[in-house]
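As given, the protein sequences belong to chains A and B, one line each in that order.
Going by my numbering, the first sequence opens with residue 1, and the numbers climb by one from there.
Going by my numbering, the second sequence opens with residue 1, and the numbers climb by one from there.
Bear in mind the hints are in silico, worked out from the structure with no lab data behind them.
Backbone N, C-alpha and C define an ideal beta-carbon position, used for all residues, glycine too.
Just to be clear, a hint being listed does not mean it is correct.
Said to hold, decoys possible - To give an idea of the chain A side of the interface with chain B (calculated C-beta under 7 Å), a few residues:
(1) Phe163
(2) Pro172
(3) Tyr217
(4) Asn220
(5) Arg303
(6) Gly307
Said to hold, decoys possible - Each computed DMTMM-like pair below joins lysine to aspartate or glutamate, with the alpha-carbon atoms no more than 20 Å apart:
(7) Lys139/A to Glu308/A
(8) Lys104/B to Asp222/A
(9) Lys95/B to Glu308/A
Said to hold, decoys possible - Distance ranges between label pairs, derived from CB positions:
(10) Ser115/B to Asp305/A: 54 to 64 Å
(11) Ala251/A to Ser207/B: 12 to 22 Å
(12) Ala251/A to Ala121/B: 44 to 54 Å
(13) Asn181/A to Arg139/B: 28 to 38 Å
(14) Phe18/A to Lys136/B: 47 to 57 Å
(15) Asn181/A to Ser115/B: 34 to 44 Å
(16) Ile277/A to Asp75/B: 37 to 47 Å
(17) Ser179/B to Glu7/A: 42 to 52 Å
(18) Arg34/A to Lys136/B: 55 to 65 Å
(19) Gly249/B to Glu84/A: 58 to 68 Å
(20) Thr11/B to Gln134/A: 39 to 49 Å
(21) Asp127/B to Asn220/A: 51 to 61 Å
(22) His178/B to Ile331/A: 32 to 42 Å
(23) Arg286/A to Lys136/B: 50 to 60 Å
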Amino acid sequence: MFVVEMEKINLGVIGLGFIGKVHLRNCLNLKSVRVVAAADTSKKALNYAKSFGVKQLFTDYHELLKLKDLDAVIISLPTHLHAECAISAMEEGKHVFLEKPLAPNVEEGNEIASAAKKNGVKFMVGYPFRFASQFVNLKSQVESGFLGDIQMAYGVDIAAGPFFHRAESTAPRPVPEWWLNKELTGGGALMDLGCHMINLLRWYLGEVSVIKARLGYRYNFDFEDYATCIVDFECGASAVVNVGWFSQSVAVGLELHGTMSHARAYHSPSNKIVTAIKLILGRTPRFFIPYLKEVSHFVDYIRNDDGENRLSGEDALKDLEIIAKAYKNQIN
Amino acid sequence: MSLVGLVECKTRNVDSIKRAVREAFRLIDYSLPKVEKIVIKPNMCYYWDWSTGQTTDPFFVAALIRLFREEISTDVKISIVESDASAMKCKYAFKYLGYEKLAKDCNVDLVNLSSVEAEKAAVKVADKVFEFMIPKIIREADLCVNVPKMKYMSFTKISAALKNIYGCNPYPKKFEYHSKLDKVIVALNKVMPFDLHVLDGLTVCGSKTLRLGLVMASQDPVAIDAVAAKIMGVNPKSVAHLMLAEKEGLGKTSFIAKGVDINYFMRRFPRRSFSEKAIALGYRVACKLSLDKRLV
Numbered sequence: 001m002f003v004v005e006m007e008k009i010n011l012g013v014i015g016l017g018f019i020g021k022v023h024l025r026n027c028l029n030l031k032s033v034r035v036v037a038a039a040d041t042s043k044k045a046l047n048y049a050k051s052f053g054v055k056q057l058f059t060d061y062h063e064l065l066k067l068k069d070l071d072a073v074i075i076s077l078p079t080h081l082h083a084e085c086a087i088s089a090m091e092e093g094k095h096v097f098l099e100k101p102l103a104p105n106v107e108e109g110n111e112i113a114s115a116a117k118k119n120g121v122k123f124m125v126g127y128p129f130r131f132a133s134q135f136v137n138l139k140s141q142v143e144s145g146f147l148g149d150i151q152m153a154y155g156v157d158i159a160a161g162p163f164f165h166r167a168e169s170t171a172p173r174p175v176p177e178w179w180l181n182k183e184l185t186g187g188g189a190l191m192d193l194g195c196h197m198i199n200l201l202r203w204y205l206g207e208v209s210v211i212k213a214r215l216g217y218r219y220n221f222d223f224e225d226y227a228t229c230i231v232d233f234e235c236g237a238s239a240v241v242n243v244g245w246f247s248q249s250v251a252v253g254l255e256l257h258g259t260m261s262h263a264r265a266y267h268s269p270s271n272k273i274v275t276a277i278k279l280i281l282g283r284t285p286r287f288f289i290p291y292l293k294e295v296s297h298f299v300d301y302i303r304n305d306d307g308e309n310r311l312s313g314e315d316a317l318k319d320l321e322i323i324a325k326a327y328k329n330q331i332n
Numbered sequence: 001m002s003l004v005g006l007v008e009c010k011t012r013n014v015d016s017i018k019r020a021v022r023e024a025f026r027l028i029d030y031s032l033p034k035v036e037k038i039v040i041k042p043n044m045c046y047y048w049d050w051s052t053g054q055t056t057d058p059f060f061v062a063a064l065i066r067l068f069r070e071e072i073s074t075d076v077k078i079s080i081v082e083s084d085a086s087a088m089k090c091k092y093a094f095k096y097l098g099y100e101k102l103a104k105d106c107n108v109d110l111v112n113l114s115s116v117e118a119e120k121a122a123v124k125v126a127d128k129v130f131e132f133m134i135p136k137i138i139r140e141a142d143l144c145v146n147v148p149k150m151k152y153m154s155f156t157k158i159s160a161a162l163k164n165i166y167g168c169n170p171y172p173k174k175f176e177y178h179s180k181l182d183k184v185i186v187a188l189n190k191v192m193p194f195d196l197h198v199l200d201g202l203t204v205c206g207s208k209t210l211r212l213g214l215v216m217a218s219q220d221p222v223a224i225d226a227v228a229a230k231i232m233g234v235n236p237k238s239v240a241h242l243m244l245a246e247k248e249g250l251g252k253t254s255f256i257a258k259g260v261d262i263n264y265f266m267r268r269f270p271r272r273s274f275s276e277k278a279i280a281l282g283y284r285v286a287c288k289l290s291l292d293k294r295l296v
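Input sequences plus hints: build the corresponding full structure.
Next up, the structure:
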């Protein structure tokens, strides 16, 4: 019997901040992927990639994009750099996996989504909750009809935002300054966390017709650190979404209330010691499994000509448009 | 033996805190001197606000300011100081932790010690000479008031009055001192001795966050730290920087606690469990083996 081994995808990781490092580690655990290069402006971050065996390291991502044998890139840069980097990669014919949110504004988001089409490359936006088992199970319940017709929903995503303990370290790590600049992020907690909830709710309930938001400023910055949104869907359902950057404890979940039953899915915290040990050993801790699954999905999408893309640029663009409407329709 | 005053303050409002601080001063027989320039050093740690128990409550500082203005003079010049650290920038911390609003409301200055005039000074601790830049504003102040928190810390077991002065070192890359932290803490206290230590134990962070309602005051940083250690269930003799500070003449670990019984706070403080101590130890080991670099 002949065994045909599929060729590995040659991948580059651009941006080695917190999530970039998560993607790098996850890619090294994927058999169908070969991480051939990494780029970051920080030499310390590049040394991190080197310690995992990545050989080609660049401080300028344009150099990485010139690599002929590179099939795809994972981009985990600050939001304001998404458009420039993603479009450059697409123009070089590379498939692109881009971290959420798509861009700091709808215009740049549009440019990215259009560039993917124009250059005929595969493009996916990272929304890890779409791959988390509890939220996938909730989708199955919705599709099975078990809940009946969903009338109301509640979504919550509250954490410390950029001000959190990185992984299991007991020492605080610096907050990258771009996080604290509204011009560069496009917004605060609503932009950062709201897009997760909007994306999930759209997955369950379909398109949004109206959104209104009340923004809060506990920590006195010029961007909101918490927000409550009231969302109406074309299907007739309504949802309340609470997001915030104010808590050292994480609460991520969704509740759906239908005419026949109710269902809920909540993220459960991981054991810190197990997580730390897995990180030290280079394994994927439970918290990061959805991140592993989303990159794995991206690789499958690239390898199969008619592969499914669960998170297209157009999809992420819709999320961005809804968030933009929420900022516009503020409730005082 | 040094006096340490312990007072309970059950409500988090400026007037109640002011009354508690005044009572703590009375317990240690402390009268505020007639001065012109006061420096207040709260504990700002990263971007965790007062509710986490990690950083000094701006209400606590507001109460001190009100007390100083009432007891000393309405014209007394007050500056709240902090310095940039490896993971914290003052320009954000002042805003995020509520100090920018406090400064505006109370008409006091906010000073980032990492960006003000400083002079070099050498200090000897345990036969080792350390050199630091000492901010002029601290050197020229008539009264330096330390307003620490009490909390556990991986590298020094506890963090309270002595450790808070570590934040007066304007050099921002403080992680570079971690291998010799005990000596550096003592050296900074020697070169920048503070006159008064008023510990904000209203909200504390142990194994969990708790409203402890403790206000403590002393003129001796070693004594107040020894009381804090006892409340936290840590033997003061096992805290290296505390013992070194005593040896270097910064104060005494023996104390006379006045006011509310220390046992009352000892019973209520959320002490660390065995597993939490094991995690802290594991983290120290990981750091020694440079494995912490993978914890990102």
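Hint by hint, here is what the structure shows:
| no. | hint | result |
| --- | --- | --- |
| 1 | Phe163 | holds (4 Å) |
| 2 | Pro172 | holds (4 Å) |
| 3 | Tyr217 | violated (11 Å) |
| 4 | Asn220 | holds (5 Å) |
| 5 | Arg303 | violated (29 Å) |
| 6 | Gly307 | violated (31 Å) |
| 7 | Lys139/A to Glu308/A | holds (17 Å) |
| 8 | Lys104/B to Asp222/A | holds (17 Å) |
| 9 | Lys95/B to Glu308/A | violated (46 Å) |
| 10 | Ser115/B to Asp305/A: 54 to 64 Å | holds (58 Å) |
| 11 | Ala251/A to Ser207/B: 12 to 22 Å | holds (21 Å) |
| 12 | Ala251/A to Ala121/B: 44 to 54 Å | holds (48 Å) |
| 13 | Asn181/A to Arg139/B: 28 to 38 Å | holds (35 Å) |
| 14 | Phe18/A to Lys136/B: 47 to 57 Å | violated (38 Å) |
| 15 | Asn181/A to Ser115/B: 34 to 44 Å | violated (20 Å) |
| 16 | Ile277/A to Asp75/B: 37 to 47 Å | violated (59 Å) |
| 17 | Ser179/B to Glu7/A: 42 to 52 Å | holds (48 Å) |
| 18 | Arg34/A to Lys136/B: 55 to 65 Å | holds (57 Å) |
| 19 | Gly249/B to Glu84/A: 58 to 68 Å | holds (60 Å) |
| 20 | Thr11/B to Gln134/A: 39 to 49 Å | holds (41 Å) |
| 21 | Asp127/B to Asn220/A: 51 to 61 Å | violated (47 Å) |
| 22 | His178/B to Ile331/A: 32 to 42 Å | violated (48 Å) |
| 23 | Arg286/A to Lys136/B: 50 to 60 Å | holds (52 Å) |
Hints 3, 5, 6, 9, 14, 15, 16, 21, 22 from the list above are not met by this structure, while the remaining hints are.
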